[in-house]
Amino acid sequence: MSEATQKVDAPDELPEELIAEHGLSPDEYARIRKELGRTPTLTELGIVSVMWSEHCSYKSSRIWLKTLPTDGPQVIQGPGENAGVVDLGDGDAAVFKMESHNHPSYIEPYQGAATGVGGIMRDVFTMGARPVANMNALRFGSPEHSKTRHLVSGVVSGIGDYGNCMGVPTIGGETNFDARYDGNILVNAMCVGLLKSDRIFKSAARGVGLPVVYVGSKTGRDGIHGATMASAEFDDASAEKRPTVQVGDPFTEKLLLEACLELMAEDVIIGIQDMGAAGLTSSSVEMADKGGVGIELDLDKVPCREEAMTAYEMMLSESQERMLMVLKPGAEPQAEAIFKKWELDFAVIGITTDTGRFVIKHQGAVEADLPLSALADGAPVYERPWVPKEPQVAPKEVPAADGPLSSLEALMGTSNLCSKRWIYEQYDHMVMADTVARPGGDAGVVRVHGTNKGVAVSCDVTPRYCAGDAFEGAKQAVAECWRNLTSVGADPLAITDCMNFGNPERPEIMGEFVAAVKGMGEACTALSFPVVSGNVSLYNETNGVAIPPTPAIGGVGLIPDVAKMAHLALAHDGDVLVVVGKTKGHLHQSRYQEWISGKLEGPPPSVDLDAERKAGDFVRGLIRDGTVTAVHDVSDGGLLVAIAEMALAGDRGVALDADIGDLPAHRFWFGEDQARYVVAVPSTGVEALIAAAAEADLPALTLGTVGGDSLSLGAEPPLPLATLRSTYEQWLPDYMDGGREQ
Amino acid sequence: MKARITITLKPGVLDPQGKAIEGALHALGFGGVDDVRQGKYIEVEIGESDPDRAKAEVERMCEELLANTVIENYSYELEAA
Amino acid sequence: MKARITITLKPGVLDPQGKAIEGALHALGFGGVDDVRQGKYIEVEIGESDPDRAKAEVERMCEELLANTVIENYSYELEAA
Amino acid sequence: MKAAVVVFPGSNCDRDAKTVLTQVTGKAPAMVWHGDAELPEADLIVLPGGFSYGDYLRSGAMAAHSPIMREVIARAKAGTPVLGICNGFQVLTETGLLPGVLMRNRSLRFICKDVRLKVERNDTIYTRSYEAGEIVTIPIAHKDGNYFADDETLARVEGEGLVAFRYVSESGGLDDDANPNGSQHNIAGLYNERGNVLGMMPHPERLAEPALGGTDGAKIFTSLLEALH
Ligand SMILES: Nc1ncnc2c1ncn2[C@@H]1O[C@H](COP(=O)(O)OP(=O)(O)O)[C@@H](O)[C@H]1O
Ligand SMILES: [Mg+2]
Chain A
1 MSEATQKVDA PDELPEELIA EHGLSPDEYA RIRKELGRTP TLTELGIVSV MWSEHCSYKS
61 SRIWLKTLPT DGPQVIQGPG ENAGVVDLGD GDAAVFKMES HNHPSYIEPY QGAATGVGGI
121 MRDVFTMGAR PVANMNALRF GSPEHSKTRH LVSGVVSGIG DYGNCMGVPT IGGETNFDAR
181 YDGNILVNAM CVGLLKSDRI FKSAARGVGL PVVYVGSKTG RDGIHGATMA SAEFDDASAE
241 KRPTVQVGDP FTEKLLLEAC LELMAEDVII GIQDMGAAGL TSSSVEMADK GGVGIELDLD
301 KVPCREEAMT AYEMMLSESQ ERMLMVLKPG AEPQAEAIFK KWELDFAVIG ITTDTGRFVI
361 KHQGAVEADL PLSALADGAP VYERPWVPKE PQVAPKEVPA ADGPLSSLEA LMGTSNLCSK
421 RWIYEQYDHM VMADTVARPG GDAGVVRVHG TNKGVAVSCD VTPRYCAGDA FEGAKQAVAE
481 CWRNLTSVGA DPLAITDCMN FGNPERPEIM GEFVAAVKGM GEACTALSFP VVSGNVSLYN
541 ETNGVAIPPT PAIGGVGLIP DVAKMAHLAL AHDGDVLVVV GKTKGHLHQS RYQEWISGKL
601 EGPPPSVDLD AERKAGDFVR GLIRDGTVTA VHDVSDGGLL VAIAEMALAG DRGVALDADI
661 GDLPAHRFWF GEDQARYVVA VPSTGVEALI AAAAEADLPA LTLGTVGGDS LSLGAEPPLP
721 LATLRSTYEQ WLPDYMDGGR EQ
Chain B
1 MKARITITLK PGVLDPQGKA IEGALHALGF GGVDDVRQGK YIEVEIGESD PDRAKAEVER
61 MCEELLANTV IENYSYELEA A
Chain C
1 MKARITITLK PGVLDPQGKA IEGALHALGF GGVDDVRQGK YIEVEIGESD PDRAKAEVER
61 MCEELLANTV IENYSYELEA A
Chain D
1 MKAAVVVFPG SNCDRDAKTV LTQVTGKAPA MVWHGDAELP EADLIVLPGG FSYGDYLRSG
61 AMAAHSPIMR EVIARAKAGT PVLGICNGFQ VLTETGLLPG VLMRNRSLRF ICKDVRLKVE
121 RNDTIYTRSY EAGEIVTIPI AHKDGNYFAD DETLARVEGE GLVAFRYVSE SGGLDDDANP
181 NGSQHNIAGL YNERGNVLGM MPHPERLAEP ALGGTDGAKI FTSLLEALH
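Residue numbers (full-length UniProt numbering), protein chains in the order written: chain A, 1 to 742; chain B, 1 to 81; chain C, 1 to 81; chain D, 1 to 229.
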């Protein structure tokens with residue numbers, strides 16, 4: 001079947017509305033016509049539209065993403081495959097990626113979030129890795145918005161049900177509430193897997209005449225146009241797009257995982273690719289394109305769940321839990337036996353060819369015959385116009401509230417600083433019995449099974465900083481992620497990202513994107529923290545109002561020996577707290593500013609990457625040589641919030657007596673200056689630590705002494721931990737219960 | 001009045017539960033079984049005796065809470081207490 | 001034939017789902033709602049056209065798998081294809 | 001001690017069970033696929049946690065009808081120790097080897113966290129390494145762990161001392177706050193009359209090593225090793 005002897009039965013002309021509905025611009029359509037020398041069939045139009053959608057083609061972002069640093073001695077696989085791969089030594093490697101499922105989660109939070117988690121895990125096990133840790137980065141609208149509670153509840157249970165059923169621990173994440181996400185929530189899911197570095201599977205279908213095999217679930221009419229939907233701006237009519245929601249089946253995915261890993265242990269797979277966005281179309285195009293071959297599919301062979309599915313529907317279906325593989329010839333029976341054992345569909349649906357064409361046959365007709373070069377590499381690339389944002393002028397001083405401790409108490413009971421326990425307790429974070437740092441700390445850590453090496457994972461971005469200044473904000477996101485990994489004692493290795501932005505056709509949005517990429521690039525270079533995989537989600541806006549630029553960063557680090565891991569919980573009375581790094585008292589765009597003035601304005605804190613590196617390397621050294629008994633980086637809410645989190649985690653109070661110099665107390669305790677860590681050290685070690693810091697040219701200041709059951713500071717009445725804990729722990733459960741009692 | 005509400009997945013929507021039950025029934029020897037679909041059944045006592053108002057109330061409940069109308073349909077019967 | 005099976009909790013058996021739905025309905029302003037019970041609804045196509053044999057088959061399915069007869073009751077209707 | 005771990009489609013704590021059994025007994029257990037007709041000779045059969053068949057229909061229901069379960073039931077009736085953890089407990093109640101059912105948690109949410117358990121007795125093969133009445137920490141991770149039985153069954157279970165573990169507060173109190181899922185009488189684990197079958201919602205295999213945050217779970221396995229040796 002390698003020759004397409006039949007002709008395509010193309011229509012004379014396609015209606016303009018149909019072309020527009022497929023999200024193709026008149027120019028893009030003209031390109032297709034020219035490429036084909038004729039009008040495309042409906043199936044061809046569908047195929048081109050999904051391949052050229054923003055989601056699959058990265059047409060607005062590609063030229064910028066290319067500027068990111070992606071190399072390093074630790075990098076085994078950079079961007080371009082289903083996930084990135086970094087070296088963990090001893091032949092072990094970590095595979096990871098983050099992906100967005102924003103639009104589907106807004107429309108149907110449970111299924112949208114669940115299928116997002118399913119999709120990212122497939123990306124990871126497609127590479128031959130067993131997923132060992134999931135993370136999730138969530139941005140919801142304001143708690144007061146009428147939809148927020150429903151969205152939180154659905155998204156969290158969707159993520160939980162899928163990951164829990166798969167038996168992959170969800171070891172952390174982040175959660176923000178901000179009115180700027182009211183109409184466009186963000187659900188970014190990350191997965192980390194482990195494999196042996198000489199057993200990495202890729203997607204290229206190298207070789208002609210090879211069987212193309214479909215495995216997993218059957219194809220239904222799920223999510224047709226999902227990929228184009230993910231690239232379309234919302235409007236009030238988007239409720240109409242509802243039936244495109246996909247339903248996840250984590251049980252089938254668990255079987256698919258086990259079946260794929262079992263087959264991967266044999267030497268029969270040439271290329272493998274999961275069917276994600278744009279399902280069969282994008283998986284087969286990518287495999288053929290990367291392998292430099294043509295591909296021909298016989299859709300009569302595709303396992304279908306519904307009757308009378310057309311070629312168009314099969315090619316665009318986004319049914320979940322499916323994979324495409326190219327096998328060594330003759331290996332089909334061996335592979336089929338494994339998939340049958342796991343009660344999954346298995347079908348040879350096509351063959352690789354030497355024609356360089358993408359040929360789709362169905363019921364005796366040729367439904368599509370397209371040059372592969374036009375679909376993948378030939379997809380449009382735009383250098384969209386962009387304008388830089390006006391620099392923010394610092395508004396007047398942020399006013400001070402009464403006392404730091406009473407401010408702290410109030411702050412710890414706000415939606416953004418409160419405990420996220422209500423969320424992470426719905427996620428099985430211990431399954432696989434290798435979770436050595438559970439959610440609630442700076443980074444989650446899982447052991448490499450059977451060793452004492454640990455893989456640390458953290459997800460970070462501070463959208464309010466990015467809204468103030470996308471360049472500094474993106475730098476900060478990378479730096480905070482690096483810092484969180486450092487705080488547990490890990491060597492940060494590399495990142496994945498999820499670039500969530502508004503409509504790139506608006507120059508100011510494109511300007512934010514460009515600034516964020518530049519900021520990320522600068523930070524990644526300075527911290528030797530390259531980008532190995534990622535995802536872009538654009539058009540996150542409703543009725544012309546965009547989300548704040550949200551470049552979510554997911555980082556992975558290595559702890560050579562988990563016995564030398566650090567944690568934020570204060571561990572011994574009498575230890576002394578020391579802040580490493582300079583405290584300048586930057587309050588613009590801070591949680592304190594938001595709380596005291598109801599506004600977020602001004603420039604975000606700037607990020608001095610040299611200082612970050614110096615402070616981080618220093619603190620990591622303290623952890624490795626066992627000098628410190630607890631470590632926490634300083635981020636949202638500033639120093640006092642960091643100290644409070646350490647106190648609550650260890651259930652030990654602190655008597656604070658820092659010499660704050662000339663800084664007003666509220667700036668000292670709540671400023672969000674970067675490149676800082678709070679460490680706890682036995683009192684006998686304080687002097688040496690301060691001296692070592694001076695040696696390393698790092699500011700270090702003692703803050704107080706661990707002990708008791710409250711936080712005390714100056715003349716203010718001490719704040720009992722029990723009071724603080726209930727404020728901190730109760731906000732989210734009370735909020736979520738509010739729906740019942742209103 | 002008592003409302004008996006049945007909530008089913010819209011045609012074409014994947015039903016993992018139904019699929020798994022079908023597999024289990026086959027394994028138990030019910031070979032001829034096909035097209036298994038699982039839904040929900042909910043009984044509600046409503047403090048409304050006027051049939052028209054009861055109807056309106058049950059529909060509002062289904063739309064607002066009981067059914068996920070993105071992927072589910074619902075039907076119901078009313079029965080006087 | 002098609003069997004429409006309804007599985008409900010026996011009276012006296014705790015129903016956490018029903019209770020939660022009731023609470024949510026109250027919160028949504030459906031004040032008069034009471035006694036909410038959640039059950040399952042399962043549709044099965046059976047390859048059997050004789051009503052008696054179909055009946056026997058459906059009952060066996062329910063007893064063996066679909067219902068946990070320790071806590072659940074079942075009822076069903078048959079409909080010719 | 002020779003153990004066998006039954007693997008159902010959707011089991012996901014089978015490897016964790018294997019790890020702890022290997023650590024404690026020094027011998028890797030036999031991993032038995034649910035579809036196998038043969039169950040190897042074993043001193044202990046473990047039904048691991050996870051989501052057999054996705055927990056679709058009712059948790060544990062479809063696994064309970066797996067061909068291998070006929071053999072497990074026969075062995076249990078003949079006195080072989082059978083330990084069901086989490087999903088394994090749900091399978092045991094579905095087969096009728098243990099009374100009652102595990103319903104959806106009172107909160108309707110999945111809950112993963114460490115809980116405090118009271119070890120009701122230490123005169124069983126599963127608990128001889130514990131003190132009677134000892135309060136231990138073991139994690140739970142489930143959505144359907146809300147134990148329910150009718151009054152008569154409950155009275156029998158209590159009367160015969162079949163409760164293995166109860167959810168308690170730090171100080172051992174049986175208050176409602178310490179009950180994570182709404183279980184009757186705070187029941188977290190249950191024996192059969194003969195004492196050879198134990199079903200428990202908490203996951204002892206997850207806290208059996210200091211690096212994971214505790215070792216209270218290991219004593220179930222050391223007890224078995226001692227008893228079955
Ligand atoms: N959606 C979530 N899922 C899982 N864990 C979460 C989620 N949101 C927050 N957490 C956890 O709560 C803790 C606090 O989060 P965060 O304040 O973002 O930490 P950091 O400031 O160190 O980045 C972390 O351990 C994080 O993993
Ligand atoms: Mg941190």
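Treat each hint with caution, since some may be false.
Covered stretches of chain B (chain C as the covering partner; in silico rule of three or more C-beta atoms under 8 Å from a C-beta of chain C) [stated by the list, open to error]:
1. 5 to 14
2. 29 to 39
3. 68 to 78
Cross-link-like lysine to any residue pairs, in silico, SDA-like; alpha carbons within 20 Å at most [said to hold, decoys possible]:
4. C:LYS19 <-> D:SER169
5. C:LYS2 <-> B:ASP35
6. A:LYS564 <-> D:ASP150
7. A:LYS340 <-> A:GLU397
8. C:LYS55 <-> B:ARG37
9. A:LYS147 <-> B:ARG37
10. C:LYS55 <-> B:GLY32
11. B:LYS40 <-> C:GLY47
12. A:LYS147 <-> C:SER75
13. B:LYS40 <-> C:ASP52
14. C:LYS10 <-> C:GLU79
15. B:LYS2 <-> B:ARG37
16. B:LYS40 <-> C:LYS19
17. B:LYS40 <-> C:ARG53
18. A:LYS340 <-> B:GLU63
19. B:LYS10 <-> C:GLU43
20. C:LYS2 <-> B:GLY12
21. B:LYS2 <-> B:VAL70
22. A:LYS420 <-> D:PRO67
23. A:LYS341 <-> D:PRO67
By construction, these hints were calculated from the structure, which means they are not laboratory data.
None of the values given here were measured: they were computed from a predicted structure.
For glycine and all other residues, C-beta sits at the position ideal for the given N, C-alpha and C.
Consistency of the hints with the structure:
A count of 3 residues in the stretch 5 to 14 of chain B with a Cβ less than 8 Å from any Cβ of chain C is obtained; the coverage claim is therefore met, three being the minimum. With 10 residues bearing a CB less than 8 Å from a CB of chain C, the stretch 29 to 39 of chain B meets the requirement of three and the coverage assertion stands. With a cut-off of 8 Å between beta carbons, the stretch 68 to 78 of chain B has 0 residues touching chain C; three or more are needed, and the interface restraint is violated. Distance check on the hinted pair: C:LYS19 and D:SER169 sit about 25 Å apart at the alpha-carbon level, beyond 20 Å; violated.
For the given pair, C:LYS2 sits about 9 Å from B:ASP35 by alpha-carbon distance, which is consistent with the 20 Å threshold. A C-alpha spacing of about 51 Å is found between A:LYS564 and D:ASP150, which places the hinted pair above 20 Å, so the restraint is violated. Taking the CA atoms of A:LYS340 and A:GLU397, the gap is near 68 Å; set against the 20 Å cutoff, the hint is violated. Taken as a hint, the C:LYS55 and B:ARG37 pair is honoured in the structure, with Cα atoms around 19 Å apart against an allowance of 20 Å.
Straight-line distance between C-alpha atoms of A:LYS147 and B:ARG37 comes to about 30 Å, which puts the hinted pair past the 20 Å bound. Simply put, C:LYS55 and B:GLY32 have alpha-carbon atoms about 14 Å apart, close enough for the 20 Å limit, and the pair holds. For the hint linking B:LYS40 to C:GLY47, the alpha-carbon distance of about 24 Å lies beyond 20 Å, and the restraint is violated. With a CA separation close to 38 Å, the supplied pair A:LYS147 and C:SER75 exceeds the 20 Å bound.
For the suggested pair B:LYS40 and C:ASP52, the alpha carbons sit about 27 Å apart, so the restraint of at most 20 Å is broken. Using a Cα cut-off of 20 Å, the hinted pair C:LYS10 and C:GLU79 is violated, with the two alpha carbons roughly 25 Å apart. Pair hint B:LYS2 plus B:ARG37 does not hold up; C-alpha atoms about 25 Å apart against a cutoff of 20 Å. For the given pair, B:LYS40 sits about 15 Å from C:LYS19 by alpha-carbon distance, which is consistent with the 20 Å threshold.
The hinted pair formed by B:LYS40 and C:ARG53 fails the criterion: a straight-line CA distance of about 26 Å is larger than 20 Å. Distance restraint check for A:LYS340 and B:GLU63: the Cα-Cα separation of roughly 41 Å exceeds the 20 Å cut-off, and the hinted pair is therefore not satisfied. Distance restraint check for B:LYS10 and C:GLU43: the Cα-Cα separation of roughly 13 Å lies within the 20 Å cut-off, and the hinted pair is therefore satisfied. With a C-alpha separation of about 18 Å, the suggested pair C:LYS2 and B:GLY12 falls inside the 20 Å cut-off, and the hint holds.
A distance of roughly 26 Å separates the Cα atoms of B:LYS2 and B:VAL70; the hinted pair therefore is violated under the 20 Å criterion. With a C-alpha separation of about 43 Å, the suggested pairing of A:LYS420 with D:PRO67 is violated against the 20 Å cut-off. With a C-alpha separation of about 15 Å, the suggested pairing of A:LYS341 with D:PRO67 holds against the 20 Å cut-off.
Hint violations for this structure: numbers 3, 4, 6, 7, 9, 11, 12, 13, 14, 15, 17, 18, 21, 22, all remaining hints satisfied.
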